[in-house]
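Sequences and hints are given; from them, build the entire structure.
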Amino acid sequence: EAFDRNVQAQLMNPEMIARMGDKLNIVYTPLHGSGNLPVRRNLAKAGFKNVFIVKEQELPDSSFSTVDYPNPEDTKVFTLARKLAAEVNADVLIGTDPDCDRMGAMVKDSEGNFVALTGNMVGALATDYILSQRKEQGRLPANGVVVKTIVSTEMITPICRAYGVGKIDVLTGFKYIGEQIKGFEETGSHTYLFGFEESYGCLIGTYARDKDAIVATMALCEAAAYYKTQGKTLWDAMIEMYEQFGYYKDAIQSVTMKGIEGLQKIQEIMNSLRQNPPAEFAGHKVVAVRDYKADTIKDLATGEVKATGLPNSNVLYYELTDNAWVCVRPSGTEPKVKFYYGVKGTSLADADKKSEIMGKAVLDMVDSMK
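Counted the way our numbering counts, the sequence shown spans residues 14 to 383.
Among the clues, some could well be false.
[Stated by the list, open to error] DMTMM-like, lysine to aspartate or glutamate: derived pairs with alpha carbons at most 25 Å apart: (1) 278 / 256; (2) 245 / 124; (3) 121 / 86; (4) 271 / 124; (5) 366 / 71; (6) 366 / 380.
[Said to hold, decoys possible] FRET-style restraints, in silico, Cβ to Cβ: (7) 54 / 300: 44 to 52 Å; (8) 346 / 256: 49 to 57 Å; (9) 196 / 370: 48 to 56 Å; (10) 92 / 316: 49 to 57 Å.
Since the hints were made in silico from the structure, they are not lab data.
Where a beta carbon is used, it is the ideal one built from N, C-alpha and C, also for glycine.
So this is what it looks like as structure tokens:
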């Protein structure tokens, strides 16, 4: 009950939900995991009346028999949800992972087809919705801040700037967002508004120190209901944000290198990138290099070096021209080296093309180093 009270306290506009609660159709799947009861309970408490559960995936099943892998980042897990969505004319499909800390979603586009939202898209939509509602209600604190990981979308920068709030980047891992919340409480330096990472995790409120798919599900449904009052879908809202802030596209390439030799190769790649920083990626010139292991940010034009201000970590980040970036880090749990990257286009098609070219350039670079 205490948990539910804290989740419900994060609602931006309960009165709007009271009007729209029976007009929004939600399909939800817990993917055989722990989200079933708490998600449904909190959607009901918030006032959402039309929540349809994917029956085949409702109950716990340790073999996750209806999916290859119960990861809401993979749109294949929504196969049964999409079938149900067609039957109930759903506005939004939501799936939570087995331990219910990450949420994936699909929403209707202008033609009625379901489009998957990435973790970055959910983060951008939630940021804009929370800040817009707080501003409208006169609840936007002067020291408000949004916290994101360094590999999450840079679209957050212009959004925060537009609302006059701060943005803080932290290392990959939600514990670093939790660490910021604790620091704000101790110093009073900032008011935490929202935090997220590209890997489908976010947190509204400070009742937890980790990502929470229950509050994320409720918030996304609230935003969907809000935009529906304006005759828009969440995808319409996303397109409007692209038009206002820029067509940001973010992606990741993982290169697997198994065995002892693989681990050595990954270390060699990191050492090589440190000792011989690339001058450009896919035609985008490198303007600054952040080395989180050496705690340095080097401006390549001036030669100026300053500290990153973040904990020691084996991560390299390249700031590029045209709002592009590339970040390299070895996985902490698998024999992989991960390349995250982001571009900014003039349209969805332009951003897609730039992202594809960047992805190829990254893989070509890795191949040349093998």
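Tell me the hint numbers this structure goes against, listed in increasing order.
1, 4, 5, 8, 9
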